[in-house]
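S.K.: Sequence:
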Amino acid sequence: MELVEYWLQDCVYNHPKCNERWDDSDGLPRLPTRVLDVSPENCIRLVVSHGMCGQYAALSHCWGAKPLLRTTSMSIEAHQIGIDFQDLPRTFQDAVRVTRILGLNYIWIDSLCIIQDDRNDWEKEAVMMGSVYEGAYLTIAATGGANGSAGCFIPRPTMPEPVPFPFKLGEQGPAEVIHAALPPAAVVGDLQMNPLAERAWITQEWLLSRRTIHFTKGHLIWVCRTSIQSSAPDFLEEWSDFASTYCRRNLTYPSDKPIALEGVVRIIAFQTKDTYHYGIWDRSAHQQLFWFAQDIISRPAELKEMPSWSWIS
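For reference, each letter of the sequence shown is one residue, going 70 to 382 in the working numbering.
Just so you know, the hints here were simulated from the structure itself, not pulled from any lab data.
Quantities reported herein were computed from a predicted structural model and do not represent experimental measurements.
Check the hints yourself; a few may be wrong.
[Claimed, not checked] Label-pair restraints from in silico Cβ distances: (1) 186 / 342: 36 to 42 Å; (2) 143 / 112: 19 to 25 Å; (3) 174 / 378: 45 to 51 Å.
[Said to hold, decoys possible] Below, simulated BS3-like cross-link-like pairs (lysine-lysine); rule was C-alpha separation at most 25 Å, straight line: (4) 193 / 342; (5) 342 / 86; (6) 135 / 342.
Positions of the beta carbon are idealized from the N, C-alpha and C atoms, including for glycine.
When you get a sec, could you build the whole thing from the sequences and use the hints?
M.R.: Pasting the structure below:
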């Protein structure tokens, strides 16, 4: 964790772009509607923020087939009193450990901070997910875990030793040796080979997070706005790639397809002042309407009301 702490401090103090927020507001961001207070050593509580500001972590993870510990209308009062650390699935435990080590008091975890059996609460909070991840001080991504029991700290293979390559500068030059190791691009590309990369919701979680620490099967990977690129992405230019990637992601319920996009759409609309229609932006409609399906599949009944010209349908 020493390396993660170094990356985080370097980013906070030396990367101005990573401290910018899409709403151009100053000061600490507002906490999400509910967060887990993990400041006491042995007590974890679900708290309602009531508009309070502060720093918090957010967890990006795979639910998996096995039901996770969830907040429901029946359990919310008990969770506000306290949640035993041992009752948390392993991934949640690891995320709490990381949050505490980094000196943060709050973490947002979707299954515990959204009332899962309350459709109204779920729809309200789902629209805000983009802001939740964008406002997080750090996103903890359990990228290598296929479910809640996998954890964040998955055993990783030893990095290969650098390979020596002897060479000479000209026929009369002195003999030199360079060492080649795994390039950073190959490490970042490893993200797409992990289970979490298959989830549709991950698109906006990873795109909007200012800083993300990925716990993968192969590597510990830090991604922030500055380390990936020198300037913030042009969302409209990248929208076609975004849509293509999103279509390959899996959603349990097809009806969630447009809802899962609302958070990132709201932020892009704010930044670009463009208008959005069912997956297409006005400014680039003449290009974005040239999409095509690689496979012929029937439209889910839940999406029959969507216009046929939309790739979301």
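S.K.: Check each numbered hint from earlier against the structure, then list the numbers of those it violates in ascending order.
M.R.: The structure breaks only hint 6.
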